[in-house]
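A.B. asks: Single-letter residue listing:
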Amino acid sequence: MNTCPEHIIDYMHDYLDGDISREHEQELKQHLHTCNDCKQLMQELSETIAFVKSASHITAPPSFEAAVMARLPKPKSRVGIQKWIRRHPFFVAAAVFCLFMSATLLGSFMDDQHFSVTKQPNLVVDGQTVIVPEGEVVKGDIVVKNGDLIVEGEVDGNVTVINGQYMASSAVVSGRIEEIDEVFEWLWYTIKNSVKTAMTFEEKEETK
Amino acid sequence: MDALVNKRIKQVLKGDQNAFADIVSLYQHKLYQVCYRMLGNKQESEDIAQEAFVRAYMNLHTFDQKRKFSTWLYRIATNLCIDRIRKKKPDYYLDAEVAGTEGLDMYSQIAADDQLPEEQLEQMELQDRIQYEIGRLPDKYRSVIVLKYIEELSLQEISEILDMPLGTVKTRIHRGREALRKQLNNL
Chain A
1 MNTCPEHIID YMHDYLDGDI SREHEQELKQ HLHTCNDCKQ LMQELSETIA
51 FVKSASHITA PPSFEAAVMA RLPKPKSRVG IQKWIRRHPF FVAAAVFCLF
101 MSATLLGSFM DDQHFSVTKQ PNLVVDGQTV IVPEGEVVKG DIVVKNGDLI
151 VEGEVDGNVT VINGQYMASS AVVSGRIEEI DEVFEWLWYT IKNSVKTAMT
201 FEEKEETK
Chain B
1 MDALVNKRIK QVLKGDQNAF ADIVSLYQHK LYQVCYRMLG NKQESEDIAQ
51 EAFVRAYMNL HTFDQKRKFS TWLYRIATNL CIDRIRKKKP DYYLDAEVAG
101 TEGLDMYSQI AADDQLPEEQ LEQMELQDRI QYEIGRLPDK YRSVIVLKYI
151 EELSLQEISE ILDMPLGTVK TRIHRGREAL RKQLNNL
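Each protein sequence line maps, in turn, to chains A and B.
If you're matching positions, the first sequence starts at 1 in the UniProt record's numbering and goes up one per residue.
If you're matching positions, the second sequence starts at 1 in the UniProt record's numbering and goes up one per residue.
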């Protein structure tokens, strides 16, 4: 067999792979006719293949499918939440609305850090402090944001101080006095105010 | 079949875990068979084949549905089998004394492990003999021979499953055939 060309063995394998050109196949067949060693090798290889191919089919045990399903990780709760969302669209809409509302209100609270005061002719502004001077009467409501209010005279209306201090010695305030420091109080105030504006708006419409 | 499988895959991806049962049922025998021929042990093959399905389930979103699902599954399973074979190897040391024997180390076991005595081989049932001979092949030849002659897959598919060039697959099949022939001829 040592005298046989090496490529003959390659041709045998190509032949067994079913991947051989016609010329090579002719050459292989001619060679096998003349060479008994190669013929035997070819025979043995074919028998080897037949031997492996005679292996019987193996099937998985009957409990296999159930065992796989039991090993799968539990479905994520995400699916449950999605189902719940689909079932309660109104609730979700309301929740989203509340979320955005509070976000905007809180946002404006955070942004609104500059000093401001309602304009009345006889109010005295000294830095971040608003003073109602002694002997003066301020007409209308006073709102001070991010500043302090000192009342020494008289106020004919409501007083609101946001994020600041209200100080009075011998003050006369005809309306209510409100001091707002906390986020929630401020929120409550904003909501109350917007409702009030809406109501007065409606009232005006009606009186028209 | 591919259309059905892709439909089931979509259902699973949408969160319907039960749709995966159909996929398991379609491929369980194929995967179990590959694992059994690679590992030669029923319990281990069952464990690895199950693990392959679990991995497929977890990574289903990475499967490209334009490709053949069975190729992808085979790939997961053969990788797990090869890992398992490699991990098993250094489990014993040649110098270690064999449990329950006195003065017998692994060197004395190796010959027996490699080649059973002739009389014993002749008494073996054909099916056991086939499994025994496949099991004696080096694992790089074993995987290609199992995929080619037991699963009867094309060379192209085998090259995709094992992620190696077609030329390498051919060479390994040639050498695997040659090794098997020598094993059978040694009698």
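Any given hint could turn out to be false.
In silico BS3-like links for lysine-lysine, alpha-carbon gap of 27 Å or less [stated by the list, open to error]: (1) K68(B) - K182(B); (2) K39(A) - K53(A); (3) K74(A) - K170(B); (4) K74(A) - K14(B); (5) K53(A) - K30(B).
Derived by calculation from the structure, the hints in this document are not laboratory data.
Only a predicted model underlies this, so the values are computations on that prediction, with no experimental measurement involved.
A.B. asks: Taking the earlier hints as the rules, which of them does this structure contradict?
C.D. replies: Result: hints 1, 3 break, sorted rising.
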